[in-house]
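Asks: Produce the complete structure using the sequences and hints provided.
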Amino acid sequence: MNQDWLAQLPITNIIDYRAVSGGDINDAYKIDTTDHEYFLKVQPNKTADYFDHEKAGLEAIGKVVNVPTPIAQGQIDGDAYLLLNWINSGDGFQSDLGSAVAKMHLVHNDKFGFDYNHQSKAVVKNNQWQTSWAKFYSEQRLDMVARLAKEKHVWNATRQAGFDKMRAAFVDYYQTHDVVPSLLHGDLWSGNYMFEADGTPTLIDPDALYGDREYDLAMTTIFGGFDQDFYDSYNQEYPLEPGFQERLPWYQFYYLGFHLVLFGETYGGSVDRILSQY
Numbered sequence: 048m049n050q051d052w053l054a055q056l057p058i059t060n061i062i063d064y065r066a067v068s069g070g071d072i073n074d075a076y077k078i079d080t081t082d083h084e085y086f087l088k089v090q091p092n093k094t095a096d097y098f099d100h101e102k103a104g105l106e107a108i109g110k111v112v113n114v115p116t117p118i119a120q121g122q123i124d125g126d127a128y129l130l131l132n133w134i135n136s137g138d139g140f141q142s143d144l145g146s147a148v149a150k151m152h153l154v155h156n157d158k159f160g161f162d163y164n165h166q167s168k169a170v171v172k173n174n175q176w177q178t179s180w181a182k183f184y185s186e187q188r189l190d191m192v193a194r195l196a197k198e199k200h201v202w203n204a205t206r207q208a209g210f211d212k213m214r215a216a217f218v219d220y221y222q223t224h225d226v227v228p229s230l231l232h233g234d235l236w237s238g239n240y241m242f243e244a245d246g247t248p249t250l251i252d253p254d255a256l257y258g259d260r261e262y263d264l265a266m267t268t269i270f271g272g273f274d275q276d277f278y279d280s281y282n283q284e285y286p287l288e289p290g291f292q293e294r295l296p297w298y299q300f301y302y303l304g305f306h307l308v309l310f311g312e313t314y315g316g317s318v319d320r321i322l323s324q325y
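Residues in the sequence shown are numbered consecutively from 48, following the working numbering.
Hints listed in this document are in silico derivations from the structure and should not be mistaken for laboratory results. Since the model is a prediction, treat every value here as computed from it, not as a measurement. Glycine included, each C-beta is placed from N, C-alpha and C at the ideal position. Certain hints may be false.
[Said to hold, decoys possible] In silico EDC-like links for lysine to aspartate or glutamate, alpha-carbon gap of 20 Å or less:
1) Lys182 - Glu261
2) Lys110 - Glu293
3) Lys212 - Glu293
4) Lys182 - Asp211
5) Lys172 - Glu261
6) Lys150 - Glu293
7) Lys150 - Asp279
8) Lys150 - Asp274
9) Lys158 - Glu261
10) Lys110 - Asp254
11) Lys158 - Glu106
12) Lys102 - Asp51
13) Lys77 - Asp51
[Unchecked claim] Between beta-carbon pairs, the in silico distance windows are:
14) Gln222 - Asn60: 52 to 60 Å
15) Gly125 - Gly316: 38 to 46 Å
16) Ala216 - Met48: 47 to 55 Å
17) Gly311 - Ser179: 30 to 38 Å
18) Ser323 - His200: 15 to 23 Å
19) Lys77 - Glu288: 38 to 46 Å
20) Gln50 - Gln275: 19 to 27 Å
Replies: Put into structure tokens, the structure is as follows:
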């Protein structure tokens with residue numbers, strides 16, 4: 048990115064810009080103008096619609112929880128970009144975060160899925176709308192992970208056998224248990240929340256969809272960063288259903304299986320421990 052590229056953004060009076068940490072998917076920059084601070088995501092060699100899903104997710108979640116505000120989206124010199132407001136980080140309380148996540152999950156829909164698919168470089172997650180959570184999650188999430196794991200050669204007969212049992216248990220359970228489609232962040236690990244300078248809990252980098260809220264909460268249990276105050280506050284706002292802990296593994300598998308695909312056998316043991324339960 049250079050000055051000529053920056054000059055094509057729909058903002059004026061740019062006085063400085065610098066690369067910042069923005070994950071392993073997009074290039075990220077902080078841009079300062081005489082009046083504002085912005086956060087810019089760039090995905091090289093993609094069309095403007097690359098960020099349709101993220102923008103729509105931020106707009107949906109932003110109606111009830113603080114998120115970065117989408118300001119502009121487009122393509123410059125063959126690169127897709129999404130321009131957001133800059134958020135100055137501070138410290139906050141896990142209880143406020145738990146309450147915020149519960150309020151997001153209390154936004155309900157009549158179907159599972161989302162208006163846009165999620166694209167993460169070469170991987171596209173199918174968010175086609177479904178009336179059945181069992182169908183959506185088994186076919187559009189679980190099967191995707193198993194297929195990608197085979198393609199990456201991090202799969203074997205033992206994992207397939209455990210996967211088949213887990214998938215059957217999941218589908219069987221949700222044939223007789225209803226799920227309310229909740230608005231989900233979709234990638235709710237500790238790297239995707241922050242607190243504003245005034246302590247306001249803020250969700251970033253969503254992989255939004257409408258689904259089982261336990262799918263979101265499962266991610267909070269994998270890598271840490273959420274303490275008991277988070278769960279206590281969440282439960283006060285939106286009490287969990289009995290048996291939550293027993294249902295977590297088939298959602299934890301999705302995240303750990305996807306990490307197995309992305310990062311290899313570092314996550315193999317964790318995947319095997321889950322599959323061995325079935």
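Asks: So, for every hint listed, does it hold in this structure?
Replies: Quick rundown of the hints versus the structure:
1. Lys182 - Glu261: 16 Å, holds
2. Lys110 - Glu293: Distance ~32 Å between Lys110 and Glu293 Cα, so the pair is violated.
3. Lys212 - Glu293: 15 Å, holds
4. Lys182 - Asp211: Holds - the C-alpha atoms of Asp211 and Lys182 are around 15 Å apart, at most 20 Å.
5. Lys172 - Glu261: 19 Å, holds
6. Lys150 - Glu293: Violated: Lys150 and Glu293 sit about 24 Å apart, past 20 Å.
7. Lys150 - Asp279: 14 Å, holds
8. Lys150 - Asp274: 18 Å, holds
9. Lys158 - Glu261: Holds, because 16 Å separates the two Cα atoms, which is no more than 20 Å.
10. Lys110 - Asp254: Holds, at roughly 16 Å.
11. Lys158 - Glu106: 18 Å, holds
12. Lys102 - Asp51: With a Cα-Cα distance of about 25 Å, the restraint between Lys102 and Asp51 is violated, given a limit of 20 Å.
13. Lys77 - Asp51: 17 Å, holds
14. Gln222 - Asn60: 52 to 60 Å: 59 Å, holds
15. Gly125 - Gly316: 38 to 46 Å: Since the Cβ atoms of Gly125 and Gly316 sit about 41 Å apart, the hinted range of 38 to 46 Å holds.
16. Ala216 - Met48: 47 to 55 Å: 48 Å, holds
17. Gly311 - Ser179: 30 to 38 Å: 33 Å, holds
18. Ser323 - His200: 15 to 23 Å: At roughly 21 Å between Cβ atoms, His200 and Ser323 fall inside 15 to 23 Å, so the hint holds.
19. Lys77 - Glu288: 38 to 46 Å: 42 Å, holds
20. Gln50 - Gln275: 19 to 27 Å: 49 Å, violated
When held up to the earlier numbered hints, the structure conflicts with 2, 6, 12, 20 and fits the remainder.
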